[in-house]
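This is what each chain is made of:
Number of protein chains: 2
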Amino acid sequence: MKEYPVQRAAALKPLPDPDMLVFGKTFTDHMFLMDYTAGQGWHDGRIVPYAPLALEPSAMVFHYAQEVFEGLKAYRSPDGGVQLFRPMENVRRINSSCERMCIPQLPEEDTLAAIEQLVRVEERWVPAKPGTSLYIRPFVIATTPSLGVHAAHDYIFCIITCPVGAYYKEGINPVRIYVENQDVRAVRGGTGYTKCGGNYAASIRAGERAEEQGYAQVLWLDGVHRRYIEEVGSMNVLFKIGGTVITPALTGSVLPGITRKSCIELLKSWGVPVEERLITAEELFDAAEAGRLEEAFGSGTAAVVSPIGEMGWGERHVTVNGGQIGALTRKLYDTLTGIQWGTVSDPFGWTLKL
Amino acid sequence: MKEYPVQRAAALKPLPDPDMLVFGKTFTDHMFLMDYTAGQGWHDGRIVPYAPLALEPSAMVFHYAQEVFEGLKAYRSPDGGVQLFRPMENVRRINSSCERMCIPQLPEEDTLAAIEQLVRVEERWVPAKPGTSLYIRPFVIATTPSLGVHAAHDYIFCIITCPVGAYYKEGINPVRIYVENQDVRAVRGGTGYTKCGGNYAASIRAGERAEEQGYAQVLWLDGVHRRYIEEVGSMNVLFKIGGTVITPALTGSVLPGITRKSCIELLKSWGVPVEERLITAEELFDAAEAGRLEEAFGSGTAAVVSPIGEMGWGERHVTVNGGQIGALTRKLYDTLTGIQWGTVSDPFGWTLKL
Ligand SMILES: Cc1ncc(COP(=O)(O)O)c(C=O)c1O
Ligand SMILES: Cc1ncc(COP(=O)(O)O)c(C=O)c1O
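These protein sequences, in sequence, are chains A and B.
So that you can map any letter, position 273 of the first sequence is 282 in the working numbering, and since no number is skipped, the others follow by simple counting.
So that you can map any letter, position 163 of the second sequence is 172 in the working numbering, and since no number is skipped, the others follow by simple counting.
Simulated from the structure, these hints should not be mistaken for laboratory data.
All figures in this text were calculated on a predicted structure; none of them were measured in a lab.
You may find that some hints are simply not true.
One copy or two, it doesn't matter: identical chains are merged, so the pair holds either way.
EDC-like cross-link-like pairs, simulated, lysine to aspartate or glutamate; straight-line CA separation at most 16 Å [to be verified]: (1) Lys178 x Asp28; (2) Lys178 x Glu117; (3) Lys362 x Glu285; (4) Lys34 x Asp163; (5) Lys270 x Asp38; (6) Lys34 x Asp343; (7) Lys34 x Glu65; (8) Lys270 x Glu65; (9) Lys138 x Glu291; (10) Lys22 x Glu319; (11) Lys11 x Glu319; (12) Lys11 x Asp295; (13) Lys270 x Glu12; (14) Lys11 x Glu117.
Extracted from the complex, chain A is given alone in its bound form (with noise of 0.2 Å):
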């Protein structure tokens, strides 16, 4: 396995209390660099001490957005040991990104040796609280210095980690959602399958105006006929409908989570019938209101699983089982968060021991 070279800090952070952690806003000791130039391909692979990055004002990154990232995260296993889940799909997805982005692709192994090694070298900042991990944010930007609007000749490919709080610090509450009637997130020939900054940015607006509303996420719909549910906030989106899971198919423009792909194979594994496949508001309202609709959750890296306890479109307005959390959501949410932090067996091969 490729081995990078390592610039230590000069002087480590103190760790942070890890009942105070906030996601995303504590960084730790060291990144990863790499740089890609045209004709040299991607080069000079590093661990260095964390600090900025000073780019041109006209780095193409600033005007035109050519830029991916992607989110995992390293689990301190009970044995004391370090742990990742599934980060191969996160290499394949960044490369995913990049194709669509016209950034060139990343080498698939070197990327999961340098996200392994910086872990490693981070390894003091993994936190041992349940619950608790170490945020893990690769991303690639567009440095050339140049205003044409064309794929860059340069970029960065760079790593950083932080610690990250228990998600759920009160139990596991449901969620207030509201399907978003307005703003859209993606379409298909868009960008919506990737992790490219600029789906983000047209999610904020959003985002924002259903937290002044109450509500914690917005559940979008397809931009072509404004009635198929594509996600929730930033999470792949699934309800349990007469027995059967039900979340929205891979059509281009929803992300495909490796959340909502563990879930799948599990509930499969399980012996609970699954459908990936178009699904409209009206359907979900319907079934709601009908009193089929027996669980609803959200599925991403960073909740795992988030149980939805209502649900309003406009003038409808539906709870799902009572505001409580279902049985399948919470069992998934064992399962995985188990295999994830080591604490039960794995018996797909999911986690990688660093």
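Position chain B with the ligands against the provided structure of chain A, taking the given hints into account.
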């Protein structure tokens, strides 16, 4: 008018050869910077030496592309003066982009004052050779070092400038374009009407593919029906069909171009009928095949107008006006460039002399 403090560069760069100017690669000696801090608003507007921006790797612009930009030019008039073309339109449009991106509104008068003052400071960079100009690039980026998907609390507003050569060095040669059937640039409910980075990132792949196949630009179709014409590359598009100029209506997914608006106003003042409406690729190609498509051109700050000589759409190929620039396109080009460079009178009050 607001006057910002100026920190002069210690050494000034040599001016480039006006015959060798490439768009967007050579930047001037100074730039304008202004900071936004939540609670404090926009503050500390200043002109400083052109230099790299140092941002935290976790700065939101690198991850969620919360960023908007503008593009306008300063023109050297025959009397040796320098003038801008409808700059307040750009200021208003950046604020419309900011609104969609949840970026705080810029103070409009002070933003215009910043553009004016920077151009005055960089006056020696405004080239005098026919067709050359100083391109002005205002942009805003989110700098808060935080990975949560939310509107940032901190932003930088920056203006950089670069001298640009004549767009048409060897006369105006009409270009070949083709209808993009796969990738989508923008969709109703999305961000198409803004100059946010994500729109351009989404458009790069189709542009690169078009170039590989010998086309200069892509003709974008709407994301919902994939039938209606929206724009051509990074320009608006206008067609003269049976004596009437038709241009796609501003339905939310099309950028409201200032050149487009100026063309419409000029055409109307000349008594040429103009329709802003939906137009399908089918209608366009049918008109071309029936010999009714008299002229076709893109409009934008870079090229002013860019005549289209040939169009492809799957198996269908048509030429426009025998591959020559049309008379009305030529008249628009001459009039607009005349007003911009101050060689013809400006009855509309579009120019702002510095
Ligand atoms: C838009 C969007 N959908 C879904 C997900 C869930 O993906 P994953 O399960 O791989 O974290 C994410 C990221 O976490 C996301 O940003
Ligand atoms: C997508 C797009 N459409 C159209 C235009 C034309 O706008 P304007 O005439 O204001 O330059 C531009 C920018 O130049 C653009 O980026």
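A quick look at each hint next to the structure:
Taking the shortest Cα distances, Lys178 and Asp28 sit within 16 Å of each other inside one copy (9 Å), while across copies they are farther apart (64 Å). For a Cα distance limit of 16 Å, the shortest separation of Lys178 from Glu117 qualifies neither inside one copy, at 35 Å, nor across copies, at 45 Å. Proximity of Lys362 to Glu285 under the C-alpha cut-off of 16 Å is found in neither arrangement, the shortest distances being 31 Å within a copy and 61 Å between copies. Proximity of Lys34 and Asp163 under a CA criterion of 16 Å is satisfied inter-copy only: 14 Å between copies versus 28 Å inside one chain copy.
For a Cα distance limit of 16 Å, the shortest separation of Lys270 from Asp38 qualifies neither inside one copy, at 33 Å, nor across copies, at 52 Å. Taking the shortest alpha-carbon separations for Lys34 and Asp343, neither the intra-copy value of 27 Å nor the inter-copy value of 54 Å comes in at or below 16 Å. Taking CA atoms no more than 16 Å apart as the test, Lys34 paired with Glu65 passes between copies only; the shortest distance there is 11 Å, against 25 Å inside one copy. Taking identical chains as interchangeable, the C-alpha atoms of Lys270 and Glu65 are never at most 16 Å apart, the minima being 39 Å within one chain and 33 Å between chains.
Proximity of Lys138 to Glu291 under the C-alpha cut-off of 16 Å is found in neither arrangement, the shortest distances being 42 Å within a copy and 62 Å between copies. When the C-alpha separation of Lys22 and Glu319 is checked against a cutoff of 16 Å, the pair qualifies neither within a copy, at 42 Å, nor between copies, at 62 Å. In this assembly of identical chains, Lys11 and Glu319 lie within 16 Å of each other by CA distance neither inside one copy nor across copies; the values are 48 Å within and 51 Å between. In this assembly of identical chains, the alpha carbons of Lys11 and Asp295 never lie at most 16 Å apart, being 54 Å within a copy and 58 Å across copies at closest.
In this assembly of identical chains, the alpha carbons of Lys270 and Glu12 never lie at most 16 Å apart, being 31 Å within a copy and 57 Å across copies at closest. When the C-alpha separation of Lys11 and Glu117 is checked against a cutoff of 16 Å, the pair qualifies only within one copy, where the shortest distance is 11 Å, while the shortest distance between copies is 53 Å.
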